[in-house]
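> Residue numbers (my numbering), protein chains in the order written: chain B, 141 to 254; chain F, 3 to 117.
By construction, these hints were calculated from the structure, which means they are not laboratory data. Note that this is a predicted model, so its numbers are computed, not measured. All the pointers check out, no bait thrown in.
Sample of chain F residues facing chain B (criterion: CB under 8 angstroms; computed from the structure):
1. 46
2. 109
3. 110
Built from N, CA and C at the ideal position, the CB exists for glycine as well.
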Amino acid sequence: GAGVSQSPSNKVTEKGKDVELRCDPISGHTALYWYRQSLGQGLEFLIYFQGNSAPDKSGLPSDRFSAERTGGSVSTLTIQRTQQEDSAVYLCASSLEQGHSPLHFGNGTRLTVT
Amino acid sequence: AQKVTQAQTEISVVEKEDVTLDCVYETRDTTYYLFWYKQPPSGELVFLIRRNSFDEQNEISGRYSWNFQKSTSSFNFTITASQVVDSAVYFCALSEASTGNQFYFGTGTSLTVIP
Numbered sequence: 141g142a143g144v145s146q147s148p149s150n151k152v153t154e155k156g157k158d159v160e161l162r163c164d165p166i167s168g169h170t171a172l173y174w175y176r177q178s179l180g181q182g183l184e185f186l187i188y189f190q191g192n193s194a195p196d197k198s199g200l201p202s203d204r205f206s207a208e209r210t211g212g213s214v215s216t217l218t219i220q221r222t223q224q225e226d227s228a229v230y231l232c233a234s235s236l237e238q239g240h241s242p243l244h245f246g247n248g249t250r251l252t253v254t
Numbered sequence: 003a004q005k006v007t008q009a010q011t012e013i014s015v016v017e018k019e020d021v022t023l024d025c026v027y028e029t030r031d032t033t034y035y036l037f038w039y040k041q042p043p044s045g046e047l048v049f050l051i052r053r054n055s056f057d058e059q060n061e062i063s064g065r066y067s068w069n070f071q072k073s074t075s076s077f078n079f080t081i082t083a084s085q086v087v088d089s090a091v092y093f094c095a096l097s098e099a100s101t102g103n104q105f106y107f108g109t110g111t112s113l114t115v116i117p
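Just need the whole structure built from these sequences, with the hints factored in.
Structure (structure tokens):
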């Protein structure tokens, strides 16, 4: 079946502009995660959605970052007034239930802020 | 404090050699889950295995095997007879019952298999 889909795959933007990154999770997966991976680095947790519960936003690095999940499915990560340090690969993952089910990752969106 | 430590940043082996990737974790929970993921050059992380804290049996899947030892808080991953296609970054991760939705990832080990 279809995996986690992310769009766009690549995004180049100018410093100060806003960007939106999209994630389509696997159908039926109630949990959705956003991670950030800088070049050669590990995974940095950003935000987590589980069903209709309030999201866990504890990993968002600043108030320029926000995310929403509509209808318990598609999620959008928004970065306002982008900075060069925002350049990274943004990974979305989904799983059947919280915590302990394996995460299924998308291919990521490579964001470059010039 | 880092909950998952992958001390090996980069490893290079010659094809057909065996290689072990180390993973040490830290938790106070009695119920927890350990994972390994593979990230090939294409970029997509691929789930390899999940092990819960109550199952210390080692697991073998083809050329892959995992050694879970609670006594040393380790969950090491061995690739036997390595192949070029094994070249990737491998991540170990921990999920605790007490912090249900959090996955703690190690910093990854970059494996290069030289033909």
